[in-house]
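Number of protein chains: 2
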Amino acid sequence: MEKELLLMLPGPVPIPERVRLAMARQAINHRSPEFGAVYADCVRCLAPTFGTANDLVIISGSGTAGMEAAVANVGRGKKIACLSNGKFGERLYDISKRYGDATRLSSDWGTPLPLDDLGASLEAGAEVVTLVHNETSAGIRNPAQEVGKLCRKHDALFIMDGVTSIGGDVVEADRWGVDIAIVGSQKCLAAPAGLAAVSVSQRAQERFVADCPYYLDLAAYIKNAKKDPMETPYTPAVPLFLALREAGLLIEEEGIEHRVMRHQRLAQAVRAAAAAWNLPLFPSIDALHGYSNTVTAIRMPEETTDPDFRGLVKKLGIVIAGGQDHLKGKIFRIGHMGAVGAPEVLATLGAIQAAMHRLGCDCADDGVAAAAAHLA
Amino acid sequence: MEKELLLMLPGPVPIPERVRLAMARQAINHRSPEFGAVYADCVRCLAPTFGTANDLVIISGSGTAGMEAAVANVGRGKKIACLSNGKFGERLYDISKRYGDATRLSSDWGTPLPLDDLGASLEAGAEVVTLVHNETSAGIRNPAQEVGKLCRKHDALFIMDGVTSIGGDVVEADRWGVDIAIVGSQKCLAAPAGLAAVSVSQRAQERFVADCPYYLDLAAYIKNAKKDPMETPYTPAVPLFLALREAGLLIEEEGIEHRVMRHQRLAQAVRAAAAAWNLPLFPSIDALHGYSNTVTAIRMPEETTDPDFRGLVKKLGIVIAGGQDHLKGKIFRIGHMGAVGAPEVLATLGAIQAAMHRLGCDCADDGVAAAAAHLA
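Residue numbers (my numbering), protein chains in the order written: chain Y, 63 to 438; chain X, 63 to 438.
Bound-form chain Y, shown alone (with noise of 0.2 Å):
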């Protein structure tokens, strides 16, 4: 095999060292003090990253299903309003509509939401909410706080996805109002894919349905995190708690407050490339949303195509992700998350700097050193 692929995308993202051999140990028994430990280490150090004192607990399963968790426990049966701009708010509304009466307050990816739908919902009864904080989909950042102020005035519960968020942007989930909050491992966290960290307020606590799928019974995980020592009710996928506990330490070290400014930093970067180049960023935001700062979408150049563009960066070793969907061929996303630096930053700008160039591709100024510039 060559040499491993530098992953730019909006996840997986790369793992540090630390992290991956952290999984190569022996087995150890899931119902011990041992493992315990390193499930109460895990949830210390991730409880920061979401801003919260809620309980917190930790599915062995992909972000979807602590999203369909989130979902399943307080939904069935209930009016469930569904913020989207993209393409996971899509997939919180076709989850939603799995359990209750789901209705899709949507826009076009990458716009401003209908908060004045939302305001409506609400009055007409809307019980639960659902938004995607950080939409990778289109590279915008979602009003979160303001989402959290019209649930609370109308005692609506909030569920946040904060799958590409948390670890990596400003998240203050007791602050906002969220009562369910859900993080991937393989995004911010730095951490590989496989796990969701679920967070949940007492209120959302005592508004548990009876009827949800076993396996994503969050009572049962919950009840389970109190035991002495820390247990999940079903087998946990071990090798990933370690590998979680390793990342989660390692966001401990660095700290919060500097790890999210570090992304704030990388995303500037990104933009200031972006920029120089004249490619415009692809969401159009307002006061009350914002661009990425874990993801950066940007307009396709108009000269070229996606595989020969995303093709002849990859031909430099690097990964970055094209559109999704209807967004295929029309923008092209760096991801700027997890453990990533001015290294990376910097070699991914200068082979997609190297790509339009040799493309033919206009690029008004050096992209390049108008990031170094901000990472200096």
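Just so you know, these hints were derived from the structure itself, not from any lab.
Treat the hints with caution; some may be incorrect.
Because identical chains share one entry, a pair is satisfied inside a single copy or across any pair of copies.
Claimed, not checked - In silico DSBU-like cross-links for lysine-lysine, where the CA-CA straight-line distance does not exceed 30 Å:
| no. | residue 1 | residue 2 |
| --- | --- | --- |
| 1 | Lys-159 | Lys-376 |
| 2 | Lys-141 | Lys-377 |
| 3 | Lys-140 | Lys-377 |
| 4 | Lys-159 | Lys-377 |
| 5 | Lys-140 | Lys-390 |
| 6 | Lys-392 | Lys-211 |
| 7 | Lys-141 | Lys-392 |
| 8 | Lys-288 | Lys-376 |
| 9 | Lys-390 | Lys-377 |
| 10 | Lys-140 | Lys-392 |
| 11 | Lys-392 | Lys-285 |
| 12 | Lys-159 | Lys-285 |
Just so you know, these numbers come straight off a predicted model, no measurement behind them.
We have chain Y already, so just place chain X on it with the hints.
Below, chain X without anything else, positioned relative to chain Y:
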């Protein structure tokens, strides 16, 4: 940390180094030919352990997630007959109650199942039958082939929990008429915990219900597995797939027939030791039910208690299992599944025999020698 404990449990089990180290590599994109090839290798190596040519998919979740996927995709609103003579039979019944009109057909843990009642249930219109092939809680092997015959006769779907038999004992899913079979990664396959592989017959696929949990939607798994490259519908736990591939290659290298014979030989050795010690095996078997070949459940020596007995064994670096629920303190269980061989079994029996001597238990004869005679 002191030396790692030798886990002689009915899962988790010791994982070969080659399997563990497969997880240490850098993240790879899960939508890529490289990951698709990993998934394809897993399926190719696992199919012979199931004895199936049916579609086979892998869910990132525990064996319980696999069991729930089976029940949820064909059981919603259906009459489900749940055979149960142990803890996992009970769990399948608990899961089935969440989806359909479930009836428990039970006998005392570790005693023959009421197959006459099953016949009556099928006559009365049961459409789905659940069975735990190898019930680790009681060390009994249940008659999958006979259950399959009854299901076929009445055109009912047959769900078989093969979590602790597939990869270690004879399983002929297609020949026995199993519609959905499930295995967990951390048992006889000797891979880390966190994946469930599920085989699904065409007949079962034709009876899929629309309303199943999103994360456990087998139709979506099957559809994505048919893509080129193979994919999973949601982000897979990549390191666990890498490990499972390596574990699968080890099975392929050993050959499933040889692997099953190895498990049978280890089981015979442990049973010979129990006989030498005059300790009765826990299960009551008959012409159709047998002793498990992957875990042996033995009555606790009368002269001691579970904490004293297993505590002394653990001081010698070996973990064996106690009884669960109402069998706590009444039995102990030795797992002999996965990659273990004569050295691990002899060490375990030696530690048990030493503990019995130390605790003043009456060991009639030398169990270690009796086992060694079978292992030679």
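We went through each hint and held it up to the structure:
Taking identical chains as interchangeable, the C-alpha atoms of Lys-159 and Lys-376 are never at most 30 Å apart, the minima being 38 Å within one chain and 50 Å between chains. Taking CA atoms no more than 30 Å apart as the test, Lys-141 paired with Lys-377 passes in neither setting, with 49 Å inside one copy and 56 Å between copies. Neither within a single protomer nor between protomers do Lys-140 and Lys-377 lie at most 30 Å apart by alpha-carbon distance, with minima of 50 Å and 53 Å respectively. In this assembly of identical chains, Lys-159 and Lys-377 lie within 30 Å of each other by CA distance neither inside one copy nor across copies; the values are 42 Å within and 53 Å between.
When the C-alpha separation of Lys-140 and Lys-390 is checked against a cutoff of 30 Å, the pair qualifies neither within a copy, at 35 Å, nor between copies, at 42 Å. Taking the shortest alpha-carbon separations for Lys-392 and Lys-211, neither the intra-copy value of 35 Å nor the inter-copy value of 56 Å comes in at or below 30 Å. Taking the shortest alpha-carbon separations for Lys-141 and Lys-392, neither the intra-copy value of 35 Å nor the inter-copy value of 50 Å comes in at or below 30 Å. In this assembly of identical chains, Lys-288 and Lys-376 lie within 30 Å of each other by CA distance solely across copies; the values are 26 Å between and 47 Å within a copy.
Proximity of Lys-390 and Lys-377 under a CA criterion of 30 Å is satisfied intra-copy only: 20 Å inside one chain copy versus 60 Å between copies. Taking the shortest alpha-carbon separations for Lys-140 and Lys-392, neither the intra-copy value of 37 Å nor the inter-copy value of 47 Å comes in at or below 30 Å. Taking CA atoms no more than 30 Å apart as the test, Lys-392 paired with Lys-285 passes between copies only; the shortest distance there is 27 Å, against 47 Å inside one copy. Taking identical chains as interchangeable, the C-alpha atoms of Lys-159 and Lys-285 lie at most 30 Å apart whether they share a chain (28 Å) or sit on different chains (21 Å).
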